[in-house]
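In order, the protein sequences belong to chains A and B.
Count along the first sequence starting at 1, add 14, and that's the number in our numbering.
Count along the second sequence starting at 1, add 7, and that's the number in our numbering.
In case anyone wonders, no lab produced these hints; they're calculated from the structure.
Ideal placement from N, C-alpha and C gives every residue a C-beta, glycine not left out.
Certain hints may be false.
What the hints assert, rightly or not - Cross-link-like lysine-lysine pairs, in silico, PhoX-like; alpha carbons within 25 Å at most:
no.	chain 1	residue 1	chain 2	residue 2
1	B	K199	B	K123
2	B	K39	B	K232
3	B	K85	A	K94
4	A	K94	B	K65
5	A	K101	B	K65
6	B	K245	B	K231
7	B	K199	B	K170
8	B	K85	B	K123
9	B	K170	B	K132
10	A	K101	B	K85
11	B	K170	B	K38
12	B	K38	B	K89
Claimed, not checked - In silico contact screen, one side only, chain A against chain B (beta carbon under 8 Å); selected entries:
no.	residue
13	M176
14	K179
15	A180
16	A183
17	V186
18	N187
19	M189
20	A190
21	R192
22	M194
23	G195
24	I196
25	S197
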Amino acid sequence: MSDFLQFSVTGITIGSIYAIVALGFVTIYSVTKVINMAQGEFVMLGGMIMFTFLGIGLNYWLSFLLTILAVMAIGWVMEKAIIQPTKGADPISLIILTIGAAIFIRGVASMIWGKGQVRVPAFTSNEPISIGPATITPQSIWVVLIMLFIVLLLYILIDRTMIGKAFQACSVNPMAARLMGISPARMSSFSFTLSAVLGAIAGLAIAPIMFPAYDTGLMLGIKGFSAAILGGLGSAPGAVLGGLIIGLLESFGAGYISSGLKDAVAFTAILVILLIRPSGILGERNVGKGGL
Amino acid sequence: MSKENMIIEIEDLSVSYGPIQALRNVSLDVKKGEIVVLLGANGAGKTTLLQTISGLLKPDSGSINYLGEEIVGLSAEKIVSKQLIHVPEHRQVFSTLTVMENLELGSYHHYKKSGKQAIEEEIKKVFELFPILEERKEQLAGTLSGGQQQMLAIARGVMANPKLLLLDEPTLGLAPIVAQEVLGLVADLRNKFDTTVLLIEQNVVSSLNIADRGYVISHGEIVKKGSARELLNDKEIKEAYLGQSV
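Just chain A, same shape as in the assembly (with noise of 0.2 Å):
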């Protein structure tokens, strides 16, 4: 029982983050219909340029602003320059696009940080708290509290804002969207700016507990792309339940099969499911007689 609760709190705190990453390529794929491959980069650099404020002595909140704000103009640069001047493209040319972006970001990030990995303290003390036979560190809590109120405030931006209508609109259909004034082009660049913030976010909220190196993003990309085709492409809810899914997965397969198979348990699981529901746990409404 106790190690039943002490998975359940490892799996839904790495399933939290996972669910930050899957919110990340949900929130592009649902403006441009891009994968954004680049999207666990975005992940390894909040934690990275975190490590690089603290070292030259700036104040810990301080450094996590401007790492978010970093990171969001890096993805902007990146919209910029690989997305914009391909108007037009299909989404496979672009989601190619952004594998060399990734693999770019990584190889720079090597470079400047080499291939070790780095440390960065917790957001706050970092004493475990025991509830009943588990333990939890604070750090954990902290991944959950955020992964739940980007949650909330994306709902709110998308379903309860113009603009998250207009994202929407952009995606059924861009050409209608442009004689609505919506222009699709500043759509884009606002979704990639958008998730290059939920992905610095993710990357500041884990790098105290899993120690960030250059290649991080890789596996947390991949990890959070099945989270979010497993609850259903273009879904919020899906890539959260999505994300959380695979944790819990990832945990329990770690902790009663093997560590060595913690992956292999996970994607094993996602095969099965996306076998029974190939559009994912909570796949996209599909309606008849759209558009054309």
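Following the hints, put chain B in place on chain A, whose structure we already have.
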């Protein structure tokens, strides 16, 4: 008519898709409060003309003067903000959004300026003209019938406060009785909202019945123009489009 009443004046507009010329020296004008219909067969260049006016296509040469200002070269988004609104062919509603959300998006270019309350009043006015949309306001647009989607597309255009509304074949694919209803609503729009309309149609008689003036386009050139009455009585039009031998 005096210049002040001129909404749009197109002169010598030529447009091509690569080596293929789609419009050749097209000139056309619409005055305030008018319904002008542009008639022509498939492939004559009707949609090309509307897409050029709304900034989706760039012309090779010619000018489009809208409310005294040259708009050739402006982006589609910029042209929308000048209240020149294009309701595209095939309806193009946002199928996975609700009817209400579609209408709200219609007001996208001015919702900040106008404020929430003004938009809500606007929606109320639109519902008076299109009561079926009020009944279905929470429904996803993709689940509406073809005629209802067309009404939604027009209503969404009206939400943008158009000074000139471009309608691209609003009766395409609709049953004749529904087509009549939609054209009747276009006439109401002018009568109740004072909206000026440039309409593309293949439905010759029905559209000339609600229009003030008309143009006929063929192979990218304007081949005929005149008042709706003149065109209705035109021998060639009767022969070419109505299959009546005179």
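Checking against the hints above, which ones are violated? The structure breaks none of the hints.
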